[in-house]
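Residue-level listing of the chains:
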Amino acid sequence: MSLPIKTENLTKKFGDFTAVDQVTFEVDRGEIFGFLGANGAGKTTTIRILTGLLAPTSGDARVAGCDVYTQQEQIKSQIGYMSQLFSLYRDLTVRENIRLFGGIYGLSKTEIKRKTKSLLERLDMQDRADFEVASLPLGWKQKLAFSIALMHDPQLLFLDEPTSGVDPITRRQFWEQIYEVASQGTTILVTTHYMDEAEYCDRTSIMVDGRIEALGSPDELKQKYQKKTMNDVFVSLARNAERGGGGT
Amino acid sequence: MALNHRASDIMDIVVEQVSKQYGSVMALESISLEVESDELFGLIGPDGAGKTTLFRILTTLLVPDQGKATVLGYDVVDDWQALRPKLGYMPGRFSLYPDLSVAENLEFFASIFGVKPADNYDLIRPIYRQLEPFESRRAHDLSGGMKQKLALSCALVHRPELLVLDEPTTGVDAVSRKEFWDMLKKLKNEGITIIVATPYMDEAARCERIGLIQEGSLLQVDTPQRIAESFDKNLVAVQVKDKYRALQLLKSHENTYAVHPFGDSIHVTLRDPGTSPEHLKVYLREKGLKEVRVTPISPTIEDRFMDLIQSKANVITY
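Protein chains in written order, with the working numbering: chain A, 1 to 248; chain B, 249 to 566.
Hints listed in this document are in silico derivations from the structure and should not be mistaken for laboratory results. These figures come from a predicted structure and were not determined experimentally. Incorrect hints may appear among the rest.
[Said to hold, decoys possible] With a cut-off of at most 27 Å between alpha-carbon atoms, the simulated DSS-like pairs for lysine-lysine come out as follows:
1) B:K489 - B:K529
2) B:K529 - A:K222
3) B:K334 - B:K316
4) B:K491 - B:K334
5) B:K433 - A:K224
6) B:K489 - A:K224
7) A:K141 - B:K499
8) B:K538 - A:K228
9) B:K491 - A:K141
10) A:K222 - B:K538
11) A:K227 - B:K491
12) B:K560 - B:K499
13) A:K224 - B:K426
14) B:K491 - A:K222
15) A:K76 - A:K6
16) B:K535 - B:K489
[Said to hold, decoys possible] Some but not every residue of chain B turned toward chain A, in silico, with C-beta under 7 Å:
17) I360
18) H508
19) E550
20) F553
[Stated by the list, open to error] What the simulated footprint calls covered on chain A by chain B, stretch by stretch (three residues with Cβ under 8 Å from a Cβ of chain B suffice, anywhere in the stretch; the number is not a length):
21) 20-31
22) 172-179
23) 189-198
24) 229-236
Glycine included, C-beta positions come from ideal geometry on N, C-alpha and C.
Construct the complete structure from the given sequences, taking the supplied hints into account.
So, in structure tokens, the structure goes:
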């Protein structure tokens, strides 16, 4: 089986601006990979390429074995994606959201029915199935969005700042869900601004000015840069960034 | 106009049993709070806790259903017109004019308060200086960090007595967040009272006092140190190779009260003060876990906050 993510000298230019600069890395199956970087370092652009939304300028990348230049649609069917910005339709009920995304992912009617049942059970949300998503507490919304992103059993799940704004207990419960699906073999690529969460990852990369400046397990990185926490590692690397903040 | 304006020079904010309800949702439930003059006060809590509602009441943008709030000696309902020029407010959502340039935004906000950017330039200079090379760029085209700096400059351009910052660092990377807090410290030293909301626990330690807020209630208000110290249970850190399995095992252990992943370790609150770290270590080893280290630790603010949430909800239903 091919690696969930493999890139080589992946580069994206917008005009004369090099957003992603010869990025090379691999992610293993079942790995929780923390994709860190300062605002504007090129994380979002890289993720857009890896999710089949944007073609690179040069270099290579394969996601779930599919080529990012020629097989963008196949990539989309192999991955799940969840972020703070794009998640569920607030005006639809829980059940309607499940049905909608099931349809988008190309599941059959029978599969959608089966998935709806198991998903509601697992989240203990049977009695909320016909509530509008807008009425749910934030923690529930995130758990629902997480489960829906996994509905089509993707090999690889992209989580873009999934825990932003939730209370510390809900944040940790969310991470336990991440651990659970990773232990079942799903690969996770996660971005976060909470540096203590970087410590939860198997390996992390830190992007600065379009390049991957550091890559390794939290322990390896802390040792290499002689720092006590990932926050200190991050600050020492990103402090000298020339690009001062991008999209978010 | 309140005759007793600034009768008390000690308290810049006095909130007495303020409640606010939206439909069936209690956004604020009988909140009481005092913030001293020249204090750097942090309101720490997740989305939906009521931080923004409280800030809107303090900045006269929203009227409380019940209770009373006084800011800089002015009643927020009766004296709103007198109060507003003394406030600097940076809302959570970027609220500058995207089509105006950096310089135009600053001039616009200055003109609203009847001043010129040059009048208080010494105050905003350390922040605005970094924007000067981009003065003619439209605000829309600025990076996240730059937008944040411009918004802060605009909130300060009339030299307010109280600065109200609603989640200024949300979604901002660790380096920019650190810089931002360094700036706040300088502003505080200029004699500006600051009240700031944040969902990041690690920022709490940078405030002089903090209030922990959850579901419309203030759970605790004190100095960061005293809040951490008020955690009154037995806390240990477990370091282990297979963290996911250790989490499950620790949760099913009869003497653990709370088990949370915490950076590179797992924080475990022991139910029985008699359970020793050694006991937990033996237990995990017997279950086949390797490289187990268990050490008693001092609690952090986050430990205390989680304990308060847990005690309050007793059972977290989601």
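Quick one, are K334 (chain B) and K316 (chain B) close enough, alpha carbons at most 27 Å?
Holds, at about 19 Å.
Verify the proposed pairing of K535 (chain B) with K489 (chain B), using a straight-line Cα cut of 27 Å.
Answer holds: K535 (chain B) to K489 (chain B) is near 13 Å, not above 27 Å.
Given the hint that K489 (chain B) pairs with K529 (chain B), test it: the Cα-Cα distance must not exceed 27 Å.
holds (13 Å)
Is K538 (chain B) close enough to K228 (chain A), meaning Cα to Cα at most 27 Å?
holds (22 Å)
For the segment 20-31 of chain A, do three or more residues have a beta carbon lying closer than 8 Å to a beta carbon of chain B?
violated (count 0)
Against the 27 Å threshold, does the CA-CA distance of K489 (chain B) and K224 (chain A) hold or violate the hint?
With a Cα-Cα distance of about 19 Å, the restraint between K489 (chain B) and K224 (chain A) holds, given a limit of 27 Å.
Closest C-beta approach of E550 (chain B) to chain A relative to 7 Å, hint status:
Cβ of E550 (chain B) sits 5 Å from chain A, so the hint holds.
Is it true that the CA of K560 (chain B) sits at most 27 Å from the CA of K499 (chain B)?
Given pair K560 (chain B), K499 (chain B) holds - Cα atoms ~20 Å apart, limit 27 Å.
Is the hinted pair K227 (chain A) and K491 (chain B) satisfied, with a Cα-Cα distance of at most 27 Å?
holds (21 Å)
Within the assertion that chain B covers the segment 189-198 of chain A, do at least three residues meet a Cβ-to-Cβ distance smaller than 8 Å?
holds (count 4)
Sort out whether K334 (chain B) lies within 27 Å of K491 (chain B), counting only the CA atoms.
violated (51 Å)
Examine the segment 229-236 of chain A for residues whose CB is less than 8 Å from any CB of chain B, and state whether their number is three or more.
Since 5 is at least three, the answer is holds.
Hint check: violations occur at hints 4, 5, 17, 21; the rest are consistent with the structure.
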